[in-house]
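Engineer: Work out the full structure, taking the sequences as your base and the hints as a guide.
Residue numbers (our numbering), protein chains in the order written: chain A, 4 to 804; chain B, 5 to 375.
Treat the hints as calculated values from the structure; they're not laboratory data.
Please note that the accuracy of each hint is not assured.
What the hints assert, rightly or not - Across the chosen pairs, the derived CB separations fall in these ranges:
(1) A:Phe754 - B:Lys226: 51 to 59 angstroms
(2) A:Gln482 - B:Ser223: 45 to 53 angstroms
(3) B:Lys346 - A:Asn391: 53 to 61 angstroms
(4) A:Glu160 - B:Ser223: 33 to 41 angstroms
(5) A:Leu794 - B:Lys226: 54 to 62 angstroms
Heads up, the beta-carbon is just placed ideally off N, CA and C, and yes, glycines get one too.
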Amino acid sequence: METILRSQEMAEIKLLPVRHHSPACALQVRRMIEAWRPHAVLIEGPDTADSLIPAMLHSHTKAPFAVYYSYDDTEGAVSREREKYRCYYPFLDYSPELAALRAGSALGAQVAFIDLPYGDILAASREGKGMRQEGEQSNYNDDYLLSRSAYFQLLCEKTGLRSFDEFWEKYFELEGLSQDGETWFRNLLTYCRQARESTPFEQLTEEGCLAREAYMVKKILETAERLAQTRGEEAQEAGSRILAVTGGFHTPALAGRLREAGREAEYLPKKQVGAKDQGVYLMPYSMEAADALNGYASGMPFPGFYQKIWEFVQEEAEEPEPYGRAVLDMIVATGRAVRRKEGSISAYDEICACSMARGLAALRGKPQPGAYELQDAALSCFVKGEYNLATDEPMRLLRGEMTGRRVGELCGDAGEPPLLQDFRAQCRRFGLQTASTLESESTLSVFSKKRHRQISMFFHRLLFLQAPYARRVKGPNLQTGRDRNLMREVWKYKWSAQVMAALIDASVYGGSVEEAARALAGERLERAVYARDGALLLTQVMEMGLTGELSPVYGRLSGLLMSDADFYSLADALGSLGLVEQLWRLYGSDRNVRELMIVCIRRLLGLLPGMARIKDEDMARCMEAVKRLYQAVGRLEDEETLRDSYFQALQAMDRDGGIQAGVHGCIHGILYGGGRESAERILQVCRGYLTGTKDQLMKTALFFRGLFFGAKDLVFVGDAFLRMLDEFLARIDEGDFLRLLPELHMAFTYFTPAETDRIARTAAELHGGNVSAMHELKAVPEEWYLYGRRLERFALEEING
Amino acid sequence: MDARKLLRPPMEIRYREELEALKASDSGKKPENWQLSPRAVRTFILGSSAPIAYRGGSLLVEKKYFGNDALVERCIITLAGNRGLMLVGEPGTAKTMLSELLTAAISGVSTNTIQGTAGTTEDMIKYSWNYALLLAKGPGRDALVPSPLYTGMEQGILTRFEEITRTPAEVQDSLISVLSDKVLNVPELGDDGILFARPGFNVIGTANTRDKGVNEMSSALKRRFNFETVAPVREVALEKQIIVNEVRSLAAESHIDMPVDEDVAELLASTYHELREGVSSLGHRIDSPGAVMSTAEAVSVYYQTMIGGYYYGDGRMDVEELVRNLVGALSKESREDLGKLKGYFDTVVRDKASKEGGLWKPYYEARKWLK
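Structural biologist: In structure tokens:
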């Protein structure tokens, strides 16, 4: 803790260093506020969130919740790309910042945030640094500043502890509960100073730390001046007391700045970014999301565990061993959870685990067992056998208990982003419930009723925004191409806090559901690398009924089609485009994609001759693509030249000596189907394989598979093909036949059962038999075989004498 | 016993000085019949950060077990409790060494051991008879031949059970009642036939999960043990350190006066590490061999090469000899593994030879021995 006296403003300023999500820290902060009774409590956090403080302190608001900050870089203040940014600032009951807000407001002190607004922090940071680090989810917390230097790695090694979090638990949490505030904050500050000193100056600049600290100092001094004015004479006599709670990493620097005030201006941003582009909302949060180990490192892990500690230290009769009790609770809860999953953990196992946890704590010199002893105890006593995926269930269940399941709630007047308001308005308009959390079902005749189509569009948009409100249980799926025959969609929908969280999350994209969906679609398209993804997105855009202002989308997709050099990706794109082309009127879309299709076909035709020598495993995809292309050029009625170049490409492939046999068969099938080739020519090619070398002979099966895929009706033109197949089968021995059997199976799957019957009949006739006689063949009895074996042995013995 | 005359002295003799020093300076609380306090046991195995006083001078306790400190702590606490300790894991992960260190530190002896095999019978686990005495004097304590388990209970010391999963499941199960009741009944001795275990008694088992021919453990027996899974070392630097330490002490025991070449140890550690993990430090994907790729195997490959160089060579490590020994170590299970080793040389070693140079070059040139 740093105490600074400012005679100019007649204020005494205390700076408390904290670590986010730390029960001991929250407890010490609360005690300090209650003892010192400051006039103002200032918290690190973008000051745009000041308006949310009443809602955060409302009795109906339950932690965990998060402040959601968004910034739409329309001015290009952050980067030339003018992207959209967002981050979260999660609060748990035991977050020192929340404890400070609660304790401060209970005393009637002024409470406020003092950090730079989110957009300005971004503008002050270099790309890829600080809050502009690439990550799954960005977080306002900057605890990583405390644990990344080599100094702390050495410290962990020296103290024999596995990680910074274990180090922290041992020296600050477990020991912090019994320490007085002065000592505790002094220790923490020593620690933080080390972290600060081992951080290079350039890093501080790049991460925007210096700008933020300058701003915080400015806010602290402004508060002091305002207090001096409002308190007037009172302040003249006794002075104002200001408490600033900030991340421990910043405290030493803030103290330095406050002592030599006047220099903060040199680091302050010259110009602040526009307020209209900054969004700030409160959203319910979950412990799972707050758990540091779930993806990004900030704050302490195991919120469920530490929530228990916090609750125990709150109890009136002071709990002498909150950690011991929490460990016991967790062991019992895990045991119960394992038993519910048909595991076998006995009460004795739990007893052993408890004594193990205590023993380990004693061995490691900790006053009570903590989270790490709890994990070790469960690993030793609950996991039976080698620790691997099959036996780690107790550990997974324990992890779940330690993470906690609590989801926060917000009070009614927490303020909502326009996107969420639009969502509610649409729900009202369509009569969809948002009050109950029971699942409802809705059947929509999307192609006949306009209103139903609108509801479906609304659901599709929400789905696209990843808001878990509605899910489609039945209906045509344009992405997979399944169930296209269905005329109705069946949806199930239900309201939950996650829907709210997801919509707040998406609110950076726009003020209405439609606008957000369109902006997100644009962004996705911008990021797409393959034409496949772009065209798939177009099917979604059609389902969502996004119209107007789509020209850039089409332009971008056309660019993707031009630049993509992957044949299969383009073929998939052609499939999606074909769907859109067929259905655009039905879905009420305002634009045809014929032009895009032609671009795609041209590209594919350019690549097609190069696809002759593919690997066997790509055969099915390639044949599918060739056929899809055939259908597409056939559908475009007035594009005769395209059709011609298609067949020319196929003929060019045919001339390639190294062509893959399956593709070879397929293009001959298609050339025959398109009337460009006679059956005799195909027979000739087929004979080429049959009379070729052994390797080529073996490829006949693949050729047949391709041929049947392309034009199965060839088989029924006379019996020449069946004779050919028959000859092939006669030429190979049994071993080869068995090896080719899977391929032959595949070749005949293109026929219907009636057709295979017909083929069988013809084949049987070739050998002079008839099918019914074949059906009546009886199995050879086992005794006959045994007799045969005896006979053979007898003969052998006779011959050998 | 003179440690110099033993092929492989037990831990309590090898580290006698350290144990004595720790005992003299040990002020921690001890479970009954333990020679050292849990904290001193931890220091013995994981090493001391500062020298401790010993016979007027001082002595630094060296770190003997590398890899997972928390695991060692859990083992110690388990042994102080009511349950046995079962160390499981792949072969060559130093399970036996850890169990020896634990028994030497806790009970002062690491030799009270049942060596489990497929032929182990129940009387080898409990007790058997000296038939001459049995016939002469009848059943009595004199005629009874105590098993290591019996001795452990009688004296209040730890009993090690090596390779417990090699013994048939029904024989393993004879441990169940002893472990839960801490009583062994010898009906032949009549009223004197009940042996109550003294404090300090416990069992450390080791079991192999990867080898062929291991038996399952019954869940009743599993319940009486706390399991610790000993994983192979995951860091190349640590693995190299282990190879260097082990080879150095093996060489000292065999009076081979030859320094350990750290570069070769690193080469070997990288090879074993990369083959085991299936990915190289340069990012190649590699087929992992089916044979056991443990650090102990790497130590033995190094040591063999060292002996070869000492007696037949010029007293230096010969990379070609190293590759030949590597082939010998890897082609135990199947010929396929040799193909995988070849693949490793043709990709990873080739690229490292051209990018990093150094020892990787002669290593790559020695690939002709991969046959």
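Engineer: Now, for every hint given, state plainly whether the structure supports it.
Structural biologist: Status of the hints after comparison with the structure:
1. The hint said 51 to 59 angstroms for the Cβ distance between Phe754 of chain A and Lys226 of chain B, and at roughly 56 angstroms that hint holds.
2. Take Gln482 of chain A and Ser223 of chain B: their Cβ atoms lie about 47 angstroms apart, and the range 45 to 53 angstroms holds.
3. Range check, Lys346 of chain B to Asn391 of chain A: about 30 angstroms between beta-carbon atoms, so the 53 to 61 angstroms window is missed.
4. The given range of 33 to 41 angstroms is respected by Glu160 of chain A and Ser223 of chain B, whose C-beta atoms sit roughly 39 angstroms from each other.
5. In this structure the hint that Leu794 of chain A and Lys226 of chain B lie 54 to 62 angstroms apart at CB holds, the actual value being about 57 angstroms.
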